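Novice: What follows is each chain in one-letter form.
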Amino acid sequence: MIRTIGKVFLFLLLLLGAFLWMGQTITAMTGGEKKAASIVEITPEGGETIFWGKGRCFTCHSLGDQGSAVRCPNLGQFGEKFLMPIGERADERAKERSEETGEKYTATDYLVESLAVPSAYVVEGYKDEMAIVYAPPISLNLNEIKAVVAYLQSQGGELDLEAIENPSEISAKYYARISAATAAGGGDPGAGLEVFDDNCAECHKVQDEGGEIGPNLSTISLKGLKFISESILRPAKKITKGYETWVAVDTEGRRTTGLKTRDSATEVDITKANGEVVTITKTDIKEMEVDEGKSIMPEDLVEAMTVKDFQDVQAYMMMQKSESE
Amino acid sequence: MKRLFQPSAKTALGILALTALFLFGAPAYAQEANEYRQILGGDSRKLIWFLAQLHLFFAAFVLGVPLFAVIIEVVGWRKKDPKFDKLAHEFTSLLSVAYATTAALGGLLAFALFTLYPTFMGYLAGLFKDVMFMYALLFFAETFCLYLYYYGWHWMQGGKVFSKNLQWLFKGVGTAIIVFGLVFFFGGLGPEMRGDTRSFMTLLYILPPGIGFLILKDRKSVHIMIGILLNVAGTAIMQLANSWAGFMMSPAGVDQDGALTGSLWIAFENILATPIAIHRMLGNLAFGGLVAGAYAAVKFIGARTMEEKAHYDWMGYIANFVAIAALIPLPFAGYYLGREVYSTSAVMGNNMMGGDFSWTFIIQAALVGSLFIISNYYLWSGMTRIPGAQRYYGYIKWILGALIVSFAIWLTPHNLPLTGQEVGQMGGSQYHPTLKFMGLMPAKNAVVNLIILSTFFSFLLYRRGNKSDVLPISQQGRLPKIIIPLAGLAAVAMVGQYALSLLGMDPAELDLPADRAQYFHTVGYLLLAECAVAVLAVILALKDRGKLAQALYLGVTAFSVVIFLGVYGFVVMEKASPFLRNVAVSQFLQLISCLILVSAIDFFLFRDAKEIGKLQWGKMSVRSQYALLALTFIITMNMGLMGFIRSGLRGDWHIFGVMRDTSPWSYTPSNYTMTEMVSLTVLVFMLGVAFMFWLGGIAAKKGPTEEPATEKPASKAEAGADEP
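Protein chains in written order, with the working numbering: chain A, 1 to 325; chain B, 1 to 724.
Think of the hints as simulated: they come from the structure by calculation, not from any bench. Certain hints may be false.
Taking lysine-lysine pairs in the BS3-like style, the calculated list, with each CA pair at most 27 Å apart, reads [unchecked claim]:
(1) Lys272/A x Lys241/A
(2) Lys217/B x Lys160/B
(3) Lys610/B x Lys79/B
(4) Lys160/B x Lys397/B
(5) Lys46/B x Lys54/A
(6) Lys81/A x Lys46/B
(7) Lys575/B x Lys127/A
(8) Lys467/B x Lys81/A
(9) Lys127/A x Lys436/B
(10) Lys575/B x Lys467/B
(11) Lys104/A x Lys54/A
(12) Lys260/A x Lys282/A
(13) Lys619/B x Lys79/B
(14) Lys238/A x Lys205/A
(15) Lys237/A x Lys173/A
(16) Lys7/A x Lys619/B
(17) Lys81/A x Lys127/A
(18) Lys241/A x Lys260/A
Just so it is clear, the structure is predicted and the values come from calculations on it, not from any experiment.
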């Protein structure tokens with residue numbers, strides 16, 4: 001039996017040898033460890049490190065004959081489809097974008113927009129599937145994104161660090177978006193809008209859209225991330241003035257809980273969490289007071305959200321700075 | 001063997017580790033700076049990798065074996081055939097030796113995790129402390145069931161049949177549990193949960209004990225019930241541990257700082273927990289079968305008598321059969337898991353199929369393709385022991401051809417890293433003009449289905465090897481008239497409901513313009529046609545045209561799944577790409593319904609058929625046993641490889657999006673490093689298994705000679721009476 005077992009292990013070693021050979025051959029062809037270095041220097045070199053590392057851009061984009069990804073456009077000069085590298089191509093794309101929107105785009109604006117809102121102007125023949133690079137798991141910060149823009153500019157185009165550091169109105173708008181998202185710990189404001197529509201818009205208004213049961217959130221970012229986060233997790237902790245929860249008990253002992261939305265000489269309107277308005281005559285009210293430990297906003301709202309939903313909706317909230325925005 | 005089995009000390013080590021886990025497990029949230037430690041300045045990640053993988057190998061074996069040991073025991077009990085009972089007992093004896101090692105390795109892994117990754121494990125233990133307590137309690141339950149199942153084997157043979165009243169009581173309890181299971185399945189009970197979790201829990205935790213109660217009538221059936229409970233406990237342990245692995249990839253119920261925001265159930269039932277559990281369940285079954293098969297193969301090679309050869313040949317055959325049965329649905333479970341990974345995070349999904357791990361998947365395709373080809377080779381070798389099987393040898397070259405072509409296509413990458421000069425030589429394109437199509441999903445889906453159909457076809461040939469005059473189905477009483485239409489109904493229900501959903505599908509659901517509905521309709525009508533063919537096959541089978549029914553249904557399915565949808569997939573990819581995943585689901589449903597209905601027809605087609613000659617168990621080449629060994633080694637490597645991918649997908653996150661890995665080892669290792677680590681764990685695992693089986697063999701030889709009559713080696717004549 002010992003001899004049999006010896007032969008079996010020799011056979012195993014042969015198979016393991018073949019397996020190791022496969023691993024070694026593939027690694028020699030495709031490269032070794034993928035280290036995710038982080039850098040904040042806004043230079044083409046810094047951007048290159050991000051592009052081929054932490055930013056994971058290489059997962060979907062090749063650059064000329066560097067890399068082998070094909071899911072998204074090649075960013076170098078490659079074959080008949082990509083006659084110009086991205087630095088040069090960005091000028092053309094910016095012109096097209098200007099015609100389409102009526103706003104004056106520069107090559108830098110186009111590159112910034114591509115990273116801030118990838119779905120804004122998708123290259124024909126490709127799917128709208130680029131990840132939000134300033135949201136987890138990639139989570140680039142604004143400086144890292146600026147470095148990538150510098151790197152892309154340097155690919156056949158004119159490196160314009162001045163335009164990156166002192167952005168035009170268009171780029172500034174996108175920088176604000178990225179900053180808001182990173183301030184929220186990362187998150188995709190675009191996806192956050194969807195989460196907001198599904199969970200919050202029935203009661204809260206943002207930029208003239210949404211319900212009026214809860215406070216208007218068009219300037220909510222001015223209160224800071226901590227306030228936003230706590231308001232979602234523990235709505236009763238700090239209730240905005242005018243949105244206290246009232247409890248009215250009538251002479252027959254019935255309790256009505258909600259916002260006091262009208263208070264006339266003879267009647268009171270209580271709007272319940274489901275939007276139903278209950279009108280109670282003042283003479284029928286036995287007692288009526290504010291319940292300071294309770295908010296009509298559901299406490300279990302966040303239970304239905306994933307971590308990503310929560311981060312996204314916070315990022316969206318952090319973008320709400322003014323009514324007119 | 002029995003004297004050797006003293007796992008209590010090692011089990012205690014496992015329990016001790018779990019206790020330590022709770023002591024260390026004070027709440028610590030993700031925002032705190034992570035702390036990492038080293039032993040002798042070594043690479044902590046590699047140490048954890050090695051220990052975790054080794055523990056998982058043993059655990060997969062320990063969880064996989066009882067699944068089929070109980071089924072084989074039931075077959076022996078129903079057929080009143082002691083051979084099967086002996087086989088089930090022999091499988092269990094392998095399990096009992098490995099159980100202690102699994103527990104000891106689990107303890108070692110827990111210690112290593114808590115000492116080397118204190119912040120991460122502190123957080124995880126703080127969050128999942130309730131689940132971890134349940135894990136420890138289930139561990140006791142599993143140990144208790146295993147002791148009772150193994151040591152009570154002979155004690156629970158025979159004895160009086162229970163009184164009728166008691167049997168009715170058990171039937172009542174069984175029926176109540178099954179009704180409870182059905183109510184639970186349809187959402188009438190329990191917390192809100194995903195459909196896959198609900199199905200998983202119903203099928204694996206509620207229905208089996210219900211059925212166990214229904215069959216309780218004597219001591220043997222009580223033993224089977226204990227086996228069922230052993231499996232329930234083992235599966236639950238696996239699901240609990242999977243919830244932690246799933247949570248690390250798709251955290252839920254916590255905020256970005258890792259604090260619990262909802263109930264623990266939401267964190268437990270995260271998106272990937274159940275898809276991982278389904279995939280692991282099937283993987284464990286295949287793995288358990290093949291490790292047991294390797295044991296049989298080694299015993300066969302070293303056997304000195306024909307009786308021994310006959311017994312271990314048969315054991316190897318059963319083990320391989322179990323493995324193939326689990327391997328066939330495994331690619332689809334993998335597809336489902338992959339789809340859910342994409343749903344969790346497109347970045348993680350892209351990294352899996354097109355990023356760091358795309359080439360790892362090419363290695364995986366080579367391994368899985370080898371598994372199917374070698375499984376077929378083993379079946380073909382097995383035909384040499386079947387008198388009359390020569391009639392079917394002619395088919396083998398065609399099946400082999402189909403397998404090789406499919407394998408080649410499956411292995412073809414979409415593109416390779418090329419230099420500018422190489423691109424120029426290919427006409428300016430990064431893709432090869434012809435081969436580029438072979439690397440795309442429609443081609444790969446088509447050939448995976450062809451590989452599975454070919455393997456199934458090999459099995460059909462094997463089954464009918466020594467059968468000649470068949471007993472017409474119409475003369476077999478009521479049973480085939482019930483079972484075959486039921487199988488047909490299942491096929492029509494599976495395919496038909498999906499056809500209707502495709503015909504009513506709104507393109508906007510997939511972000512497609514309205515005119516793309518035509519692609520949904522084409523596939524929908526194709527599925528309806530498949531339903532019609534299933535009905536026709538049932539009618540033909542009941543009219544004693546079973547072979548024609550099989551040929552028709554298999555042929556139509558092969559055409560539809562491999563050729564039509566294989567080609568049409570490219571059209572869909574071009575015009576309505578998001579719909580491609582629905583095409584893959586259509587292929588899967590057609591294939592599974594075909595396997596179900598054709599198997600049902602095949603069972604009755606050759607039931608009580610005249611045999612050309614008895615199976616000559618033991619008349620197998622030594623080469624075929626090396627094939628069985630190769631299957632075991634390859635599936636073990638593949639498990640290690642897939643573990644690397646699943647774990648590596650998180651990138652530089654311990655818990656995706658919540659807790660970053662800030663250790664010096666926060667990078668994706670190369671494929672070569674992966675093959676080195678996997679090879680090391682496979683080698684150590686196999687050495688451990690060989691050592692344990694060897695010790696078991698010594699104990700069996702020197703142990704008390706109290707084996708009952710059923711334990712005697714099966715005689716050649718007995719073995720020859722088996723059905724293939």
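Novice: Each hint should be assessed against the structure and marked as holding or not.
Specialist: Results for each hint:
1. Restraint check: the Cα-Cα separation between Lys272/A and Lys241/A comes to about 17 Å, which is no more than 27 Å; the hinted pair holds.
2. For the hint linking Lys217/B to Lys160/B, the alpha-carbon distance of about 9 Å falls within 27 Å, and the restraint holds.
3. Between Lys610/B and Lys79/B the CA atoms are separated by roughly 20 Å; this keeps the pair inside 27 Å, and the hint holds.
4. Our distance criterion of 27 Å between C-alpha atoms is broken by Lys160/B and Lys397/B, whose separation comes to about 54 Å.
5. Our distance criterion of 27 Å between C-alpha atoms is met by Lys46/B and Lys54/A, whose separation comes to about 22 Å.
6. Under the criterion of a C-alpha separation no larger than 27 Å, the hint pairing Lys81/A with Lys46/B is inconsistent with the structure, at around 44 Å.
7. With a C-alpha separation of about 12 Å, the suggested pair Lys575/B and Lys127/A falls inside the 27 Å cut-off, and the hint holds.
8. Among the hinted pairs, Lys467/B with Lys81/A is inconsistent with the structure: their alpha-carbon atoms are about 61 Å apart, more than 27 Å.
9. Annotation: proposed proximity of Lys127/A to Lys436/B holds, straight-line Cα distance about 19 Å (limit 27 Å).
10. Between the alpha carbons of Lys575/B and Lys467/B the distance comes to roughly 49 Å, so the proposed pair goes past 27 Å and is violated.
11. Taken as a hint, the Lys104/A and Lys54/A pair is broken in the structure, with Cα atoms around 32 Å apart against an allowance of 27 Å.
12. The straight-line distance between the Cα atoms of Lys260/A and Lys282/A is roughly 13 Å, inside the 27 Å bound, and the hint therefore holds.
13. Simply put, Lys619/B and Lys79/B have alpha-carbon atoms about 25 Å apart, close enough for the 27 Å limit, and the pair holds.
14. Restraint check for Lys238/A and Lys205/A: the C-alpha separation of about 19 Å stays at or below 27 Å, so the hint holds.
15. Using a Cα cut-off of 27 Å, the hinted pair Lys237/A and Lys173/A is violated, with the two alpha carbons roughly 33 Å apart.
16. A threshold of 27 Å between alpha carbons decides the hint, and for Lys7/A with Lys619/B the separation of about 21 Å falls inside it, so the pair holds.
17. Our distance criterion of 27 Å between C-alpha atoms is met by Lys81/A and Lys127/A, whose separation comes to about 16 Å.
18. About 12 Å separates the Cα atoms of Lys241/A and Lys260/A, which keeps this hinted pair within 27 Å; it holds.
Hints 4, 6, 8, 10, 11 and 15 from the list above are not met by this structure, while the remaining hints are.
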